[in-house]
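A.B. asks: Next come the chains, spelled out residue by residue.
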Amino acid sequence: MSATRPWLWSRWADATARREPANAVAVVRIVIGLSIVAHLLRLLWTETWRWVWLPPVHGGLVPLNSGPLDWVGGATPPLVLGVIVATLVSSAALAIGVLTPGAAVVTALGWAVLVGLGPNAGGSYDFLGANILFLLIFAGSGRAWSLDAWWRARRGPAPLDAPVWPRWLMVWQLVVMYDTTAWQKVSSSWVLGGPADALWYILQQPTWHRFEMAWLAPLYPLTQVMTVSTWLWEHASPIILIAAWFRATRGRAGWFRAQCNRVDARLPYLAFGVLMHLSIEATLDVGCFSSFTFALYAACFSGDEWSNISRARRTKGPPHVKPATVTAPTLQSRVR
Amino acid sequence: MKHHLVAAFVLWQALAMLASSLPSPGRGVNRSYWSEPTVQAEFQSWADMLGTDLVTFQDRLYVVAVKLQATVRAANAPFREWLRVTNTVQSWKMFVAPHRFPTRLQLRARHADGSWEVVYEEGANDAPRWRGERFATERMRAAVFAWGWPQNKKRWFSACSGFAGEYFAETTDVDAFQCRFGKGASLSAAQVLAGEPLKEEWVLERTVNRPVAP
Numbered sequence: 000m001s002a003t004r005p006w007l008w009s010r011w012a013d014a015t016a017r018r019e020p021a022n023a024v025a026v027v028r029i030v031i032g033l034s035i036v037a038h039l040l041r042l043l044w045t046e047t048w049r050w051v052w053l054p055p056v057h058g059g060l061v062p063l064n065s066g067p068l069d070w071v072g073g074a075t076p077p078l079v080l081g082v083i084v085a086t087l088v089s090s091a092a093l094a095i096g097v098l099t100p101g102a103a104v105v106t107a108l109g110w111a112v113l114v115g116l117g118p119n120a121g122g123s124y125d126f127l128g129a130n131i132l133f134l135l136i137f138a139g140s141g142r143a144w145s146l147d148a149w150w151r152a153r154r155g156p157a158p159l160d161a162p163v164w165p166r167w168l169m170v171w172q173l174v175v176m177y178d179t180t181a182w183q184k185v186s187s188s189w190v191l192g193g194p195a196d197a198l199w200y201i202l203q204q205p206t207w208h209r210f211e212m213a214w215l216a217p218l219y220p221l222t223q224v225m226t227v228s229t230w231l232w233e234h235a236s237p238i239i240l241i242a243a244w245f246r247a248t249r250g251r252a253g254w255f256r257a258q259c260n261r262v263d264a265r266l267p268y269l270a271f272g273v274l275m276h277l278s279i280e281a282t283l284d285v286g287c288f289s290s291f292t293f294a295l296y297a298a299c300f301s302g303d304e305w306s307n308i309s310r311a312r313r314t315k316g317p318p319h320v321k322p323a324t325v326t327a328p329t330l331q332s333r334v335r
Numbered sequence: 000m001k002h003h004l005v006a007a008f009v010l011w012q013a014l015a016m017l018a019s020s021l022p023s024p025g026r027g028v029n030r031s032y033w034s035e036p037t038v039q040a041e042f043q044s045w046a047d048m049l050g051t052d053l054v055t056f057q058d059r060l061y062v063v064a065v066k067l068q069a070t071v072r073a074a075n076a077p078f079r080e081w082l083r084v085t086n087t088v089q090s091w092k093m094f095v096a097p098h099r100f101p102t103r104l105q106l107r108a109r110h111a112d113g114s115w116e117v118v119y120e121e122g123a124n125d126a127p128r129w130r131g132e133r134f135a136t137e138r139m140r141a142a143v144f145a146w147g148w149p150q151n152k153k154r155w156f157s158a159c160s161g162f163a164g165e166y167f168a169e170t171t172d173v174d175a176f177q178c179r180f181g182k183g184a185s186l187s188a189a190q191v192l193a194g195e196p197l198k199e200e201w202v203l204e205r206t207v208n209r210p211v212a213p
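Chains as they are written, first to last, in numbering that gives the first Met the number 0: chain A, 0 to 335; chain B, 0 to 213.
Source of the hints: derived by calculation from the structure; they are not laboratory data. Check before you lean on any hint, since a few could be wrong.
[To be verified] Covered by chain B, according to a simulated footprint, are these stretches of chain A (three or more residues, beta-carbon under 8 Å): (1) 53-67; (2) 189-195; (3) 207-218; (4) 252-260.
The structure displayed is predicted, hence computed values, not measured ones. Even for Gly, the Cβ is constructed at its ideal location relative to N, Cα and C.
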């Protein structure tokens with residue numbers, strides 16, 4: 000049968016059928032869960048939810064978008080508060096891994112209802128959160144570093160592994176996000192050959208900055224360097240997918256693959272990303288965008304790599320490195 | 000069989016994510032946005048770089064933008080319902096161009112003696128901060144940014160009524176509440192170093208009077 004199937008499709012089907020330890024998606028789950036908890040607590044604590052998620056008749060500022068709450072009488076304060084609390088509880092459950100698949104579904108639904116309510120009162124983190132939550136529903140992320148996994152281990156069965164494809168779609172999400180945002184940065188302030196003053200002017204926008212940024216004027220050349228390097232770095236995001244794929248398939252033949260695997264290109268790429276996002280967080284308030292992005296960074300490393308990191312920390316010894324030559328058979332053996 | 004269903008689903012989802020993210024002009028094809036000084040400055044900059052005049056550049060850009068929009072819509076069409084139902088629509092227009100003429104929110108209250116008091120102002124570190132903890136959240140920052148565009152005037156005026164209502168409920172000697180945006184060109188680094196002041200004009204001004212008690 001397999002001989003009649005197209006070769007490429009067969010490879011694709013094998014790749015998407017692989018499984019691995021659930022540690023990588025567990026880190027994604029924990030970071031996303033905690034980020035949403037922090038976000039909702041802030042909106043509750045400051046009562047901003049009333050302004051952005053209620054209609055003017057109930058203390059909100061602008062008429063809301065139509066959405067699922069219209070089917071049950073509209074966005075009244077008790078109903079919206081109920082959705083916030085339900086999403087808060089489910090995202091906390093997601094973070095600690097209790098009834099994880101259900102928690103992922105409830106958090107995804109709650110997030111969809113809430114962020115769809117207020118016109119203008121949202122950002123790219125809404126898209127990012129929704130897409131990561133959607134993938135977490137299928138990811139088996141509660142099978143490691145969770146109360147679900149702890150409870151299962153107490154009863155005796157071996158830990159379950161997780162399908163690898165949701166994690167690969169998370170890496171794809173990261174690449175698509177960075178690269179398509181770079182393609183849309185067509186301002187003369189961003190592209191090569193222009194004045195490279197995009198970051199300078201963005202940092203002067205009173206709406207986003209945390210404090211006045213005029214003090215940066217003597218460091219203007221540094222903002223130009225960061226403008227150009229950020230734009231190039233975003234365009235280079237496919238590196239992360241290629242590097243992660245070559246690491247996962249390093250047992251396969253090929254001169255290019257072998258050369259690429261001599262250096263783990265993920266590390267410098269993601270290190271630059273961490274630096275950039277921390278700089279953004281220090282100067283601008285762009286919501287949970289950075290923490291959601293960091294969750295995707297975790298997906299760039301396989302479940303086996305996260306297991307090794309965890310093992311190395313426990314034993315304080317060097318991580319277990321799989322011999323490159325057996326990687327492919329090992330992965331094949333994980334095909335169910 | 001299950002393998003193939005999973006493989007097909009992953010391929011579908013990967014393509015849907017890409018199609019949804021494809022760069023498109025979006026509201027940028029609406030020429031009413033083009034009169035904004037930030038947009039005009041951007042176009043002028045590109046026209047200069049390409050060695051053409053502003054009008055020719057805008058006309059050619061419009062043709063390209065409309066074609067690009069149609070192409071992206073066509074690429075999106077097979078996935079549109081799926082993206083909507085799964086709430087996985089995505090768009091990554093993040094800081095695509097710096098706002099060279101940004102707006103700065105100011106809220107003022109008029110006391111019974113006719114004097115105005117600024118109760119909230121964006122920007123300066125030491126400015127008054129009525130409801131500052133709410134304005135500082137990312138969601139209110141996004142909303143205030145959007146309301147500074149003339150296309151969102153109706154929502155902006157509605158929001159102002161909301162601010163006024165809350166402020167009136169907390170005070171007794173205030174008879175009017177005003178919301179407005181200061182708008183002006185951001186200073187370049189050289190201008191900051193030269194000590195030039197920020198020049199702004201007030202736009203999108205809205206004054207709400209305290210309702211007369213029945």
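A.B. asks: If a hint holds in the structure, say so; if it does not, say that too.
C.D. replies: Structure-based check of all given hints:
{"no.": "1", "hint": "53-67", "in the structure": "holds (count 6)"}
{"no.": "2", "hint": "189-195", "in the structure": "holds (count 3)"}
{"no.": "3", "hint": "207-218", "in the structure": "holds (count 7)"}
{"no.": "4", "hint": "252-260", "in the structure": "violated (count 0)"}
Violated hint for the displayed structure: number 4, the only one.
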